[in-house]
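Asker: Sequence:
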Amino acid sequence: GYSEGLRHTRAPAVSPLETTHRLAVAGADYVRDHDDVFGSQRQRAAASAIAVWGEARPGQLQELHGLSSGVVTYLVDQMVAGGFVEREYGAVSDDRRAVTIKLTALGEQQVRRIALAMEANAESLSRVLVATLGADAVL
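Just so you know, the sequence shown maps onto residues 6 to 144 in the working numbering.
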């Protein structure tokens with residue numbers, strides 16, 4: 006497949022500015038397809054993680070992003086306001102105060118939309134990453 010042909014490609018020396026430019030050009034369609042779905046990159050990352058995990062506790066999101074509990078509360082508040090997630094109280098049997106965060110139908114739909122956009126642009130993004138970082142770092 007495509008990645009097999011790239012495994013032995015060596016990366017040329019490329020400046021960080023050139024790397025940024027290449028990724029911006031290669032990812033233009035990806036960004037256009039989903040940029041305004043969530044309010045921030047952190048929201049997109051949190052929603053994707055929740056989709057993979059099925060649900061999340063605030064502490065998991067805190068660890069994932071390296072954020073304070075207050076910032077995670079704000080992040081989740083914004084996602085709740087956008088209709089992407091909902092808080093569920095009492096879902097943890099040994100701790101009635103515990104909160105879990107789950108995607109709503111809208112949140113699931115938007116995560117699928119992002120995944121499809123990434124898949125549609127995977128080849129061009131892969132080429133940039135391989136050319137910039139080398140196949141060994143990417144594959």
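I should point out that these hints are in silico values taken from the structure, not numbers from a laboratory.
Any given hint could be a false lead.
[Said to hold, decoys possible] Dumping the calculated SDA-like pairs for lysine to any residue here, alpha-carbon to alpha-carbon at most 25 Å:
{"no.": "1", "residue 1": "Lys107", "residue 2": "Gly75"}
{"no.": "2", "residue 1": "Lys107", "residue 2": "Arg118"}
{"no.": "3", "residue 1": "Lys107", "residue 2": "Arg117"}
{"no.": "4", "residue 1": "Lys107", "residue 2": "Arg92"}
Since the model is a prediction, treat every value here as computed from it, not as a measurement.
Asker: Each hint should be assessed against the structure and marked as holding or not.
Answerer: These are the hints, each one checked on the structure:
About 19 Å separates the Cα atoms of lysine 107 and glycine 75, which keeps this hinted pair within 25 Å; it holds. The suggested pairing of lysine 107 with arginine 118 holds, with an alpha-carbon distance near 17 Å, which does not exceed 25 Å. Under the criterion of a C-alpha separation no larger than 25 Å, the hint pairing lysine 107 with arginine 117 is consistent with the structure, at around 15 Å. The suggested pairing of lysine 107 with arginine 92 holds, with an alpha-carbon distance near 7 Å, which does not exceed 25 Å.
When the structure is compared with the earlier hints, no violation turns up for any of them.
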